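Undergrad: Chain order of the listed sequences is A and B.
Position one of the first sequence corresponds to residue 1 (my numbering), numbered consecutively onward.
Position one of the second sequence corresponds to residue 1 (my numbering), numbered consecutively onward.
Mixed in with the good hints, there may be bad ones.
Distance condition first, Cα-Cα at most 30 Å in a straight line; then the derived DSS-like pairs of lysine-lysine [what the hints assert, rightly or not]:
no., chain 1, residue 1, chain 2, residue 2
1, B, Lys7, B, Lys35
2, A, Lys44, B, Lys40
3, B, Lys40, B, Lys64
4, B, Lys64, A, Lys89
5, A, Lys44, A, Lys91
6, A, Lys27, A, Lys3
7, A, Lys189, A, Lys207
8, A, Lys207, A, Lys135
9, A, Lys3, A, Lys270
10, A, Lys44, B, Lys35
11, A, Lys189, A, Lys259
12, A, Lys3, A, Lys124
13, B, Lys37, A, Lys44
14, A, Lys254, A, Lys265
15, B, Lys35, A, Lys189
16, A, Lys44, B, Lys64
17, A, Lys89, A, Lys189
18, A, Lys91, A, Lys27
Partial list, derived from the structure: chain B residues whose beta carbon lies under 7 Å from chain A [to be verified]:
no., residue
19, Val9
20, Val12
21, Leu22
22, Met23
23, Leu29
24, Leu30
To be clear, the hints were calculated from the coordinates, so they are not data collected in a lab.
Computed from a predicted model, the values in this text were never measured in an experiment.
Here a beta-carbon is modelled for each residue, glycine too, at the ideal position from N, C-alpha and C.
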Amino acid sequence: MRKAYLDHVATNPLNPEVFEAMLPYFKEEFGNPLSIYDLGTRAKTAIEDARQKVASLINARPNGIIFTSSGAEANNFALRGIALANQEKGKHLIVSKMEHHSILNPARSLERMGFAVTYLPPDKYGIIEPDVLRKAITKETILISVMHANGEVGTIEPIKELSAIARERGILFHTDAVVSAGNIPVDVKQLGVDLLTLSAHQFYGPKGAGALYIREGIRIMPLIYGGIQEGGRRAGTENVPAIVGMGRAAEIAKRDMDKRYAHVKLLRDKLISGIMQTENVYLTGHPEKRLPGHASFCIEFIEGESMLLMLAMQGIDVASGSACTSKALKASPVLLAMGIPASLAQGSIVFTFGEGNTDEDADYVLQVFPQVVKRLREISPYSQGLGDKEAGKCIRN
Amino acid sequence: MVVEKLKFVEGVRPDVTADIVLMMCPMHLLTVEQKMKELKVGEVLEILTDYDGALEDIPAWCEKTGNEFIGIEDASNFFRMYVRKLSESHPDGKE
Chain A
1 MRKAYLDHVA TNPLNPEVFE AMLPYFKEEF GNPLSIYDLG TRAKTAIEDA
51 RQKVASLINA RPNGIIFTSS GAEANNFALR GIALANQEKG KHLIVSKMEH
101 HSILNPARSL ERMGFAVTYL PPDKYGIIEP DVLRKAITKE TILISVMHAN
151 GEVGTIEPIK ELSAIARERG ILFHTDAVVS AGNIPVDVKQ LGVDLLTLSA
201 HQFYGPKGAG ALYIREGIRI MPLIYGGIQE GGRRAGTENV PAIVGMGRAA
251 EIAKRDMDKR YAHVKLLRDK LISGIMQTEN VYLTGHPEKR LPGHASFCIE
301 FIEGESMLLM LAMQGIDVAS GSACTSKALK ASPVLLAMGI PASLAQGSIV
351 FTFGEGNTDE DADYVLQVFP QVVKRLREIS PYSQGLGDKE AGKCIRN
Chain B
1 MVVEKLKFVE GVRPDVTADI VLMMCPMHLL TVEQKMKELK VGEVLEILTD
51 YDGALEDIPA WCEKTGNEFI GIEDASNFFR MYVRKLSESH PDGKE
């Protein structure tokens, strides 16, 4: 059976060059970076080399990069670390409703600790409008976190405009760039952000490696105490192979970015125009301001999970949105926040391309997908007029 | 003994500042050691810290290494600690 992996927003295969770079650190180069003999100093040098490469990917200074175990850890670190370090200045945070759970749940946990949190609503494309942010700011606001790009609908947020508002008011600004960094240009100076989250496996690096960029001079409360690693800000013996892999992946991402971007964009555009030929199908997210390899839709009268299963039976691996959406069979909070009716949000499907995909993959999906939709609509209880025919207007207009 | 060394000062003008507020042991000692290497003899290092252990450890480090502990200034939720570099020698005796 033909296979097509189209879930690159979930994760990516490890680049073979990255794997090669990591190998020695699983074997003979096993030293602890804190040890003073050669084996240790070589591991330390490898980490610092990776730090320099990750910094270079986002135009930051190397000492602004703190390695973590994942993007989720970096997001938790940013929110909790900044909130707890600045609570004497104020106890109000602003995050968007587009955020990943690794931002939303730390925000909720901070609410339990006495902080107030405002959750910014997006527009119908998933964009957080600068005016919406401006109105949410209070004298107590100490941190704003809006993601750079959303993995579920692909929308790229106007971070430069949003961070400028924060800067005017002397408020720190964090962006979760997990799905964008390494895939589209990310420059911390151009974006004007104080903190930024990255994750290695989103750009063909290993799992288990993430980083938080922190602008120089910002105080942050560590999540993990008890060691001098990462300047005392993140204790624990470093995951040297993963960090080395992240560095090499960042170096390659910078080198190949234009090529990868053009490749996935071509496939995405082809898929979008092909899938839009099907009746009662709506593109979710912004039509232009979106990730280059990202195509997301709501398919009316169909439930997303059944599409995933039928596509998987044909060898096509795709997603239906966030984990809770797919595991708990409920409508995505992100799609609902964008004003998409629950009945339509059920039919969410997300295709994300990577450098390994080919034109034939897109053709194969375009051949199989309409048949799957047709078959499911034939057996769907919604297709007999129960569905809201007007539902899609909120996206279409 | 410790209290005797905790001289409160005001208006000391540092050449270099190291902000290690929210950092804990042993970041205060590692930072002092590293930053002192960057200073010329006679220059003053300012350490911003909220770690209680530093009140004892930094004066002790100065005594051990032959540098001058100038004193501390209370900055409401952290301390400013001042150290003057008196020699190029390292604590372990290496030049």
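Undergrad: State for each hint whether it applies.
TA: These are the hints, each one checked on the structure:
no.: 1; hint: B:Lys7 / B:Lys35; in the structure: holds, 22 Å
no.: 2; hint: A:Lys44 / B:Lys40; in the structure: holds, 27 Å
no.: 3; hint: B:Lys40 / B:Lys64; in the structure: holds, 19 Å
no.: 4; hint: B:Lys64 / A:Lys89; in the structure: violated, 38 Å
no.: 5; hint: A:Lys44 / A:Lys91; in the structure: violated, 38 Å
no.: 6; hint: A:Lys27 / A:Lys3; in the structure: violated, 33 Å
no.: 7; hint: A:Lys189 / A:Lys207; in the structure: holds, 27 Å
no.: 8; hint: A:Lys207 / A:Lys135; in the structure: violated, 38 Å
no.: 9; hint: A:Lys3 / A:Lys270; in the structure: holds, 18 Å
no.: 10; hint: A:Lys44 / B:Lys35; in the structure: holds, 20 Å
no.: 11; hint: A:Lys189 / A:Lys259; in the structure: holds, 24 Å
no.: 12; hint: A:Lys3 / A:Lys124; in the structure: violated, 34 Å
no.: 13; hint: B:Lys37 / A:Lys44; in the structure: holds, 20 Å
no.: 14; hint: A:Lys254 / A:Lys265; in the structure: holds, 17 Å
no.: 15; hint: B:Lys35 / A:Lys189; in the structure: holds, 27 Å
no.: 16; hint: A:Lys44 / B:Lys64; in the structure: holds, 28 Å
no.: 17; hint: A:Lys89 / A:Lys189; in the structure: holds, 25 Å
no.: 18; hint: A:Lys91 / A:Lys27; in the structure: violated, 47 Å
no.: 19; hint: Val9; in the structure: violated, 23 Å
no.: 20; hint: Val12; in the structure: violated, 21 Å
no.: 21; hint: Leu22; in the structure: holds, 5 Å
no.: 22; hint: Met23; in the structure: holds, 4 Å
no.: 23; hint: Leu29; in the structure: violated, 10 Å
no.: 24; hint: Leu30; in the structure: holds, 6 Å
In the structure shown, a violation is registered for the earlier hints numbered 4, 5, 6, 8, 12, 18, 19, 20, 23, in ascending order.
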